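Engineer: Single-letter residue listing:
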Amino acid sequence: MIDVCNLSKAFGDHLVLDGINERIEKGEKVVIVGPSGSGKSTFLRCLNLLEQPTGGEIFFEGQNITDPKTNINLIRRKMGMVFQQFNLFPHLTVKKNITLAPVTLGICSQQEADEKAMALLERIGLVEKANAYPRQLSGGQQQRIAIVRALAMNPDVMLFDEPTSALDPEMVGEVLEVMKELAQDGMTMVVVTHEMGFAREVATRVLFMDEGQIKEQAPPSEFFNNPQHPRLKEFLNKVL
Amino acid sequence: MMNFFYGIWDSFYYAFFEAQRWKFYLGGLKNTLFMSVVACIIGVVIGLVLAILKVSANSLSKPRGRRTLGGWLIRVGSGFADLYTTVIRGTPLLVQLLILYYGVFKTAPKEYAMWVAGLSFGINSGAYVCEIIRAGIQSIDRGQTEAGRSLGLNARQTMQLVVLPQAVKNILPTIFNEFITLLKETSVAGYIALTDLTRAGDVVRSRVWTITPLVISGLIYLILVILLTKVQGVLERRLGASDRRL
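Protein chains in written order, with the numbering used here: chain A, 131 to 370; chain B, 88 to 333.
Hints in this document: simulated from the structure, not taken from any laboratory.
Quantities reported herein were computed from a predicted structural model and do not represent experimental measurements.
Check before you lean on any hint, since a few could be wrong.
As the list claims (entries may be wrong) - Here are the simulated lysine to aspartate or glutamate pairs, DMTMM-like style, with alpha carbons at most 25 Å apart:
#, chain 1, residue 1, chain 2, residue 2
1, A, K156, A, E187
2, A, K226, B, E323
3, A, K225, B, E233
4, A, K226, A, E311
5, A, K226, B, E265
6, A, K225, B, D330
7, A, K208, B, E233
8, A, K226, B, E233
9, A, K246, B, E233
10, A, K226, B, D228
11, A, K199, B, E233
If we strip away everything but chain B, and leave its shape as in the complex, we get:
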């Protein structure tokens, strides 16, 4: 029995500490985190803008709203948002990444590959975030918007001060789900020769010829996801203040 644990430890030592291999994982982790953060920010910005366009178009049912320039822009924007979510959700992330890397940014210097990957993941995530935020906004009772508007607040103020703060609470669990997925999906960056956490583990695997490096990479992902979940819990509790009854 002890031998079994010694065996695991040896294998771990060999795959992690020997020849300073931990630096590989660390480098991979850094890249994974970099791409995730870039993608997360881009994704939330894209998602928020598209979601608001979609929701605004829905509330433009007034016949007299159609004639204004703003109304026209919202309609066009909403149509674009529909197309965007359809195409992005309808094609594999990897295909999008390869097209962006070998096509759109063909001439970009190699040191920007990480940015291209982050952008690609962000574009992809934006489509999902859009649907998450749209559903969150639409989960808020119409009466809230009506109350805001009846007090003289304009559409933007009502969205910003009344609807979105409430929607965030409903959005939180699903959007963290998306962040977790995003974090793990950055592993396809290996296809464009970036050394992310998965790739780092695989490189070490090809040196030590065991699966231990992959298990190590996996464990690091797991720890990151657990941390994200903790952050989610803290935020949910903080936003739940107004739910508590006396």
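Isolated chain A (complex conformation):
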């Protein structure tokens, strides 16, 4: 589904991603872990070109998205993204947040979008917040809404950029719960996170990034119980 060939990204002289090759299949739940500054968020943000790679190519469903001729806006419709800081639109109600993109892009009518939004809110138990504004909600509620806002576009893959890092500890669970349900429904997911429990439980594959490279990858049981790379061993010692 996503093919990454020799991807690199430099900010000035600083090489953040150093020739990454990776393939993500449909239905996979790939969790990316690693120390801060290892390039994992940059890698994720390159996948939908929120960061423009400085080298290499990315293919999504067979299309080269790094080709300047590709209409990235059409590609992004199929790639949902959830941010660390939620990034809900504070001037719009929850329902409007969810329906803005599908309606603006002519994918469905306002009424269809409203119905879909309510169904999605039902799923995360926040129907009564449909007409509230984001600032009136807790961080956990905002992040769950940010997830369904992305889902409203019917994406083929969901990208999560440290979705629980900005949350108070007691709200992490409710967001991870929604993500787990999403995984069970068969969504292809790429998740950058520090939640090792989530990685262990949900991931089909865990990647360890360090110094702009994927240093090791394995299914979670092997990844956590039998790490090979010395940097990964060191990392796991610190975080587990």
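Once you've looked at the hints, dock chain B against the given chain A.
Structural biologist: Relative to the frame of chain A, chain B by itself:
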């Protein structure tokens, strides 16, 4: 004490009602308002376009964005916007007005002088409005743009539906400040023989030989500014709806 107030009243009566002088002020007020509204509209249009050019150029950091025609146009436009704000903010309004009136529009019929003045003030205001709007847009967190783009909205849709509506709230106080300044600065129109509110007061002053007419003009400006401030308050409250917590 009473004599003092009678004295003021007499002076006011003489400067305002006597010989239907209030018509002077009214005429001046009309001209001042006309020039202000024309300038305000021109200023906001110029300012908005230039501000969006400047902001768009900033977000064109992608190496692959440079090769497109649109990217090139934005770069050129942004360069022009920088030049524009530098020159316009760097020279006095009066100099700009005189150059426009005696130079560019030398051959224009005299009855269009009011339009020339409005245009001149609008060109001037546009430079300030540009900086106000640019700062307003840049005060919105980058994450908002990223969220909009990640949903598949294009740059224009994101600007229009996500960034600008939020920026307006931040822009409002400073842009009303600009409108207030603009309203009062139209008084330099007297230099090209237009009878605005200030000039009207001055004409009456030369008849009655007191400063009362100028005080009257001043009071009318003051009332206009207070009204503008009220409008600002109403707008701020309305736009603040999403800030309220339950």
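Engineer: Work down the list of hints and note, for each, if the structure agrees.
Structural biologist: Do the hints match the structure? See the list:
no. : hint            : in the structure
1   : A/K156 - A/E187 : holds (19 Å)
2   : A/K226 - B/E323 : holds (21 Å)
3   : A/K225 - B/E233 : holds (19 Å)
4   : A/K226 - A/E311 : holds (24 Å)
5   : A/K226 - B/E265 : violated (33 Å)
6   : A/K225 - B/D330 : holds (17 Å)
7   : A/K208 - B/E233 : holds (15 Å)
8   : A/K226 - B/E233 : holds (17 Å)
9   : A/K246 - B/E233 : holds (23 Å)
10  : A/K226 - B/D228 : holds (19 Å)
11  : A/K199 - B/E233 : holds (21 Å)
Checked against the numbered hints above, the structure violates only hint 5.
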